Amino acid sequence: MYPIQRTTIFAKSLLSAAESGIVHSVYRKTINLRLGSSLLALQAKASPLSPISLITTLTEREMSALPISAGQPVRLQEGEIYIPEAGLVFSLNTAETVETHLAPAQECSIPSLTGAICSVLKHSSKSGFLRLFFPQETSGQLDELLVLSAAQKYLDTCTQNVLLFHYTTAAFSLSRLIGLGIGLTPSGDDFLCGVLAGFILRGISDHPFSVEVRKQIQQKLSETNDISRAFLQCALLGQFSEAVCSLAHSSDPAQISAAFHAIGHSSGMDTLCGILYTLTLSLPG
18 MYPIQRTTIF AKSLLSAAES GIVHSVYRKT INLRLGSSLL ALQAKASPLS
68 PISLITTLTE REMSALPISA GQPVRLQEGE IYIPEAGLVF SLNTAETVET
118 HLAPAQECSI PSLTGAICSV LKHSSKSGFL RLFFPQETSG QLDELLVLSA
168 AQKYLDTCTQ NVLLFHYTTA AFSLSRLIGL GIGLTPSGDD FLCGVLAGFI
218 LRGISDHPFS VEVRKQIQQK LSETNDISRA FLQCALLGQF SEAVCSLAHS
268 SDPAQISAAF HAIGHSSGMD TLCGILYTLT LSLPG
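Quick note, our numbering runs 17 ahead of the 1-based positions in the sequence shown.
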């Protein structure tokens with residue numbers, strides 16, 4: 018039996034609502050489980066915590082050696098995840114449980130948070146959407162440049178329409194970022210998760226533009242992959258990674274940098290870019 022050392026209130030609620038599922042996919046340090054229409058992720062220890070994380074005590078090497086493959090059935094009972102074909106049980110009975118529902122920024126001001134995020138992005142060597150905000154001298158691969166060119170076009174159109182109070186048109190342009198990019202979570206999706214977080218941090222979730230953006234994203238969830246869709250669905254419910262949630266009460270650049278650089282190849286920085294876009298967007302009433 019393998020203990021799960023950290024998880025979230027949101028993940029436990031998904032587990033309690035299901036009795037069985039299947040192994041959706043297996044990566045080097047993550048085993049994704051499908052429970053109905055939801056995904057949960059068994060992850061190696063020290064992995065960044067997302068709303069759907071089940072952090073185990075296993076190392077990345079130990080995780081990759083487990084005899085688990087996509088399609089294997091999963092059974093859930095009494096705080097345990099049982100994968101019969103692999104003969105493995107994961108227990109949540111001693112897991113630390115974290116709240117990942119994002120709250121508006123209260124213990125730090127939006128200007129100071131914006132400045133801290135700008136500092137982190139400016140000094141980051143990652144690729145992805147941060148090049149739209151802080152261009153780098155390196156030219157990049159052709160496919161990346163094409164993605165960035167398309168993203169810049171959608172963002173410019175969105176910004177222009179927001180200033181004209183054309184919120185539906187603006188949100189439609191922004192939603193075209195869904196599925197844009199490569200990898201398990203395309204940069205466009207990570208950026209949109211950041212946009213949604215920015216609305217909450219800024220305390221404008223009820224603004225007509227925010228409402229329209231959520232509606233457009235919800236309608237286009239089928240246009241990206243399963244894993245990225247799961248994170249977007251979480252964001253629509255106000256559920257975000259531990260790193261994003263920490264922004265509600267901290268604007269320390271060093272802490273922000275460490276937390277977001279630990280997330281994926283460029284996912285952390287792409288999410289920060291989305292947050293920055295919302296925090297600095299001029300939104301008429």
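Note that these hints are calculated values from the structure, not bench results.
Among the hints, a few may not be true.
List of simulated lysine-lysine pairs, DSSO-like, C-alpha gap at most 27 Å [stated by the list, open to error]:
| no. | residue 1 | residue 2 |
| --- | --- | --- |
| 1 | Lys62 | Lys46 |
| 2 | Lys237 | Lys170 |
| 3 | Lys29 | Lys62 |
| 4 | Lys29 | Lys46 |
| 5 | Lys139 | Lys170 |
| 6 | Lys237 | Lys139 |
Note that the structure is a prediction, hence the values are computed from the model and not measured.
Hints breached by this structure:
6
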